[in-house]
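Residue numbers are given in our numbering: position 156 of the sequence shown equals residue 159, and the series is strictly consecutive.
The set of hints was computed from the structure by calculation and includes no laboratory data. All of these numbers come straight from a predicted model, not from anything done at the bench. Backbone N, C-alpha and C define an ideal beta-carbon position, used for all residues, glycine too.
In silico BS3-like pairs for lysine-lysine, Cα to Cα no more than 27 Å straight-line:
hint : residue 1 : residue 2
1    : K98       : K82
2    : K82       : K34
3    : K155      : K82
4    : K155      : K98
5    : K165      : K98
Ranges between beta-carbon positions, derived for each pair:
hint : residue 1 : residue 2 : range
6    : A83       : K155      : 16 to 24 Å
7    : W57       : F133      : 56 to 64 Å
8    : T54       : S80       : 36 to 44 Å
9    : G159      : R104      : 26 to 34 Å
10   : D140      : Y78       : 18 to 26 Å
11   : F62       : R31       : 23 to 31 Å
12   : I125      : M49       : 42 to 50 Å
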Amino acid sequence: MMESNADSFNEQPVFAAELFPHRSLGRRGFKVLLALSGAVCLLYGMFFIATGAWPIGFFFGLDFVLLYGAFWLNYRSGKAREQVTVSRTDVSVRKFTPSGRMVEHHFNPFWARFLVRRHQEIGILSMHIFGEGRRTDIGSFLNPDDRESFAKAFKGALATVKQRI
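Given the sequences, and given the hints that come with them, work out the whole structure.
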């Protein structure tokens, strides 16, 4: 029974985070933008078709379809996420693609190294975990402020785990 309690203690996460890409325009704003741009494209498209310049009306419709497609791709890429956990025995990074496929990376916390590439003016450019011949990036879709706060918290969690031998 003692080993079971010790094993469950070692598996308890010291740190857990779920990372999502930031989207500045919500669903409601997207619908409003689409309705307004659709109305403008329809109004001007109909005007040009009525005046005999039908190719211009066609391009207004094409503009609207391309705008919708760009936002659809943007929101689809926003479904990507990463789950990062740190326990005394494991550093786990689970990456979910927009299609729902999951890739999981595991590292020994005592061998894992956290590499942060910085630029003097921009801040953090990239974050990587590597160890035992493997490497993965973390939070490549985060904005600079979120990268800073995540890097600080993750680095602290790794240091905490390595101190508790």
